[in-house]
Structure formats: structure tokens, C-alpha cells
Amino acid sequence: MLRMKLPTILVGVAVSVLWVAAPAQAEDITVTIDNFAFTPQNVTVKPGTKVTWINHDDIPHSVASGTQGLRSKALDTDQSFSFTFTTPGTFKYFCGLHPHMTGSIVVEGTTGSAAPQ
Amino acid sequence: MTTHDDGPSRRKVLECMTWAGTGVLWTIAGGVPASLGIIDGALAEEPKGFTFLQISDSHMGFDKPANPNAKGTLEEAIARARTIPNRPAFMIHTGDISHLSKASEFDDAEKIISQARLDVHYVPGEHDIIDEDRGRLYMARYGRGTRGFGYYSFDANGVHFIGLVNVVDLKGGGLGYLGAEQLAWLENDLKGRSASQPIVVFAHIPLWTVYPEWGWGTDDGAQALGYLKRFGSVTVLNGHIHQVMQKVEGNVTFHTARSTAFPQPAPGTAPSPGPMKVADDKLRTLLGIADITFKQNEQRLAIVDTPLKS
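Chains as they are written, first to last, in my numbering: chain Y, 1 to 117; chain Z, 1001 to 1310.
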């Protein structure tokens, strides 16, 4: 019984440490999709910001990009997709169905180094 | 077209456009298209000839206010197709069969379209390849004997038909896209063909630039059209924009078909190209099918757009 309890306690400790170590310094933001456009189209955020895209059109849209993980499935009306940006840089994206719809998320650098394009 | 004395209000102009779009019969003789007249009369005059049908943008699964019953209007379109006196040889579907690439949507389309009892040649629209595996369902159903994401060619009655795919691997900031591999295949497919053979090219997104602000065009469409320049009769059939549009450039006639599901606004007349909600009694005048007749010896290709309701 004792041997079983130890790992459980360790996991418990680890979880609380993570909880404390992730302060809510970055405010989550929402990008809406209305009338075949991302609004706001270009946003600057702090590292750790969770961005949520929500589709308000009667037509499905998606979020597509060359960035690993920054690619949603097709979002039907009122469906959403979230991605947390942790690395500084400029992340351009577009709608995979209607690629003339474009937007970008700029994640501020913490060290002042140039953001990769 | 009837005349109205109450001035050229926008509504009247649109009605006239609709009627003109549905009623004009095009001929192509020596590469110079000319309008022959109104459909019903023309069809009655020319019962013979090789005819095929185009339907487009069925959007099975669409249930928004612009048309809560897209299944019903597809059924009406197919019923309409069955009444054409000169029985079409086959049908082409220029994409957006489904709204969300769901198996059940493809099933519904199949169930209804098969009622026409015609062979159907499909190309995918962007709505047909948004399943988890990005087009696997489409290819499993419609991809047999095709290359890449579903392009192919075939001959019928002396006409060479080419189905192209311009909805895959789209680039940020761009329009429709064919890609180098497909273009190389197209160039090769046309090599050695007589310039006098009529060509019909069909794809979902217009291959010509209709309105780039709404994404209505194909980035590398001009390259494809370049390969077709030497041919005396080229007809390009597209869907995607849910309205009839025609343009003639040299020997090439461009034509887009109506949707069977919902209309979209004319370029620039609305904040976006999204589904256009119209009065219930107007909807069926903006949905429909197209039939295309090729008359041997006269090198004629006539495109007739028929709305679900005149």
C-alpha cells in the first residue's frame, strides 16, 4: 500500500508546481471570423497567450499555416480552435479553404532578439 | 426579357441579368462565340446533338437561412435534368458536392444525383476535402482512375474533356491553385492533339480571374490556359461562385454555373461572398443547372443555363 502511495503523492506535487509556475500574465484573446475575414487581422501578444479563433460565418473556414500545430480542422459555424503561442516571432496564417483570408499573430520577444519571420 | 417602365432599379436589373444568364444560347463557330437566342426556342429547334449536363455546388449538409433545404433543391435540379428532351450523354459536377466532406453528405448526394441515371464526372471543391484525412473520403468515392487529388481527362464524341483540381494545397494570400505536377500533366495530356479538337476544361474555382478580392480566380490558371491557346474551341466550365458568369477571350469561352444549394452575391455587391439570403419565392430563380450541346460538323458548343424556376 505504501509503495503505491508514493508516486501518487509525487504526481500531486508536480501538478501543483506547474499550477504555480504558470501565472496568468498573458491574457487570452479571441480572433473572430466574420464575412470571410479574421478580426483583428494582426495581433501582438505576450508569450504564453492562448488565441482562440471562432467562426461566425455560414460557411466553414479554417486556420492554416506553416507553423507546427497552427492548423485547425474545418470550423463550421460557431466552432472554434485554440492555439497557445509560446515562442516569440511572427506567425502568419490563412484560411485553408479561402486563402485570400490572412492574418498574423506577433508574439513579443522576451530578450529583445529579432523575431523569426 | 420583358421590359419594365419603372426605371432601372437594382432589382429589375438583377432580374434581367438572371433571365439573360438563363436564356442565352451560345454557339462557338470558328472560335467566335455568338448568341443564338433564348433557350427554350433554341432547344426546340435543335433537338439533335451531343449534350452533356453541368451541375455544381450541391453543398449537401448546408442548412443555413440562405437555403435550409439544400437536399430539396438538388432533388429539384435532378428532376429538371430528367426533363431535358435531348437526353444528355453524361453529367459533370464541378465540385462542392458536400458542405463539410461528411460521409453522410456524400451519401445524400449520391442518392439524389443517381436519380438522373447518367454517368457523372466529378472534380472536388474545397468543401469536399475537409475531412480529417483531407480528401480521403472524396478520393475513395470519386478518385478511381484519376491522378493527384482527382484530375483526369477523357474523350466523348470527339470532344476532349479535362477535369482539373484547383482546391488543394492552397497558399496563404493566394487563390485557387493547380500546382506544377498537374500543370505538367496537362501540358502532356494536350501534346499531339489536333488544334481543331474541341476542348472542355472543368474545375471548381474559376480558372480565370473573376474577382481576386473574394478569391475568385486561380493563381496558376493562366499557365493552364496558355497550353490551350492553340486550340480553336475551348470551353472552360467552373462553379464555386454560385452564379452564372460568362466571358470570351479569343477562342476560349468561360462559363460558371449556378449552385443547386444557395446563391452568392455578385462581385463586390456585399461585404463578403457568403451565402446570400433572398426572398423565398426568388431562391429558385437563382439556383439551377446548365446543359451544354456540341453539334458535330458545325463545331458548336452551346451552353444553356436553366434555373429551377423561371
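Incorrect hints may appear among the rest.
[Stated by the list, open to error] Here's a subset of chain Y near chain Z, in silico, CB distances under 7 Å, partners left out:
(1) Asp28
(2) Thr32
(3) Phe36
(4) Pro40
(5) Asp58
(6) Ile59
(7) Leu70
(8) Ala74
(9) Phe83
(10) Thr87
(11) His98
(12) His100
[To be verified] Covered stretches of chain Y, going by a simulated chain Z footprint (3 or more residues, C-beta under 8 Å):
(13) 41 to 48
(14) 89 to 96
Read the hints as simulated data drawn from the structure, not as lab findings.
Predicted model, so just to flag it, every value in this text is computed and none were measured.
Virtual Cβ for every residue (Gly too), placed ideally from N, Cα, C.
Hints versus structure:
no.: 1; hint: Asp28; verdict: violated (24 Å)
no.: 2; hint: Thr32; verdict: violated (13 Å)
no.: 3; hint: Phe36; verdict: holds (4 Å)
no.: 4; hint: Pro40; verdict: violated (17 Å)
no.: 5; hint: Asp58; verdict: holds (4 Å)
no.: 6; hint: Ile59; verdict: holds (6 Å)
no.: 7; hint: Leu70; verdict: violated (11 Å)
no.: 8; hint: Ala74; verdict: holds (4 Å)
no.: 9; hint: Phe83; verdict: violated (16 Å)
no.: 10; hint: Thr87; verdict: violated (19 Å)
no.: 11; hint: His98; verdict: holds (5 Å)
no.: 12; hint: His100; verdict: holds (4 Å)
no.: 13; hint: 41 to 48; verdict: violated (count 0)
no.: 14; hint: 89 to 96; verdict: holds (count 4)
Taken one by one, the earlier hints fail for this structure at numbers 1, 2, 4, 7, 9, 10 and 13, listed in ascending order.
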